[in-house]
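Asker: Sequence:
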Amino acid sequence: MINFTERKKRFFEEIESKQEIFLILKEKFSSAPMKIKYDIEDNEVRLSDFSEIELAITVDTFGSYKTTDGHVLICSALLDKYFEVEFEIKKEIEPGKFRCLIQGARRATSGRSDIRFRVKPGDVYATNFRVSKHSIDLTMFKLPTGIKVILDQFATHNKSRFDFFEIGYFDKKDTLLNNMKKTGNSFYIENLANPDTYAPITDEFINYSDLMADEANDYIYSNKERNFKSILIVPIVYITPNEQSIPFAYIKIMTKERLLSIDDFLKIKEHSFKLIDRIRDANTQFIDKRQSILDISRGGASLKIDDPELKKYLLKAKGFIFDLVFKLQQPVTIYGEIKFTGADDHKNILLGLSFSGNSSRKNQMQHLYSVLKPMEINYKKKLIEQIRRKQAQSPPKT
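Read in the working numbering, the sequence shown has 78 at position 78, and its numbers run on one by one without any break.
Keep in mind that the hints were calculated from the coordinates and are not lab data. Accuracy of the hints is not assured; some may be wrong.
For lysine-lysine, the following DSS-like pairs were computed, each having C-alpha atoms within a straight-line distance of at most 25 Å [unchecked claim]:
no., residue 1, residue 2
1, Lys289, Lys120
2, Lys339, Lys318
3, Lys318, Lys347
From a predicted model like this one, the values you see are computed outputs, not experimental measurements.
Go ahead and model the full structure; you've got the sequences and the hints to work with.
Answerer: Next up, the structure:
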């Protein structure tokens with residue numbers, strides 16, 4: 001039996017009425033199969049012998065499921081949206097065949113409506129994994145030592161170029177820095193002696209006077225007292241693999257002998273980009289092992305991970321970039337967010353991924369859809385043929 005941990009919960013609407021659940025099951029799944037939730041073998045279950053008085057149903061797993069009376073069996077299917085039902089097992093009729101009562105059911109309020117289907121080992125595999133060595137806590141309380149070293153080296157290299165140079169981390173108590181973290185905007189005063197330069201020149205800069213009101217004068221006065229002429233503060237913005245922008249630190253520069261210009265701002269901005277590239281490169285492990293794809297859809301996939309090095313990194317990761325390689329196709333580079341994890345009897349890690357963000361290559365999602373489309377059509381065709389065969393084999397209703 002495989003146990004899974006769900007990391008990212010779906011948003012569900014509970015179906016309160018068991019009578020309504022019973023009617024959905026009888027109408028939709030008298031002839032159509034369901035799946036056991038998280039079953040990596042993708043075994044189907046069939047429902048039969050619907051008793052409206054007891055709200056009881058026979059669930060046949062064809063010997064693929066072993067449990068005891070009183071346990072709960074969760075089955076799922078895709079209607080217009082994801083749907084799952086919990087059965088309380090009352091009696092095992094024969095191995096893998098159970099008489100059950102409805103315990104509850106729910107349907108997703110959102111989520112994938114695309115078809116997820118199993119693939120053969122030779123049709124597609126995953127490779128070229130780019131995974132984080134360390135989980136970066138952007139609250140700055142638990143940054144890996146290696147990344148702190150990169151920031152310190154950058155500060156040491158640039159301190160001699162300015163009268164004041166600092167790499168700092170955002171303080172929630174500081175109104176200016178707190179606003180910078182929320183907006184990602186920079187702060188720039190060209191000439192502290194000239195009030196005409198206090199106003200932001202574009203919407204890329206913070207309007208300090210509006211933000212701080214009366215405190216703005218105190219801030220400017222205190223820096224003038226220290227004989228500074230110009231101030232520039234630029235956020236360092238980390239871009240996560242799924243393209244979320246997170247300001248986590250800042251570069252602060254002040255000068256006494258010359259006025260800082262927009263050219264200085266652009267140079268510091270460029271340095272901040274290079275700094276992020278160094279951090280990302282230092283924190284990224286590249287692993288080119290081939291790993292199995294169990295099933296796939298336009299919105300996600302299930303992977304089986306047997307490589308020891310990948311296991312070490314992926315259990316701690318929130319997601320990762322990797323290549324999907326389809327037979328006779330160019331690789332599709334994509335970001336997968338981990339939705340659930342599990343392990344099989346051979347200690348392989350099982351991952352459920354949701355595709356999100358964009359990769360470094362253009363039009364990757366469009367390429368993925370173009371590859372999957374004929375596979376979806378073929379899967380639907382086989383599914384319809386299978387249902388028709390089942391219906392033809394069923395005895396006529398009297």
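Asker: Could you run down the list of hints and mark each one as holding or not?
Answerer: Consistency of the hints with the structure:
Note on Lys289 and Lys120: the hinted pairing holds, with a Cα-Cα distance of about 18 Å set against a maximum of 25 Å. A C-alpha spacing of about 9 Å is found between Lys339 and Lys318, which places the hinted pair at or below 25 Å, so the restraint holds. For the suggested pair Lys318 and Lys347, the alpha carbons sit about 20 Å apart, so the restraint of at most 25 Å is met.
Of the hints listed earlier, there is not a single one the structure fails to meet.
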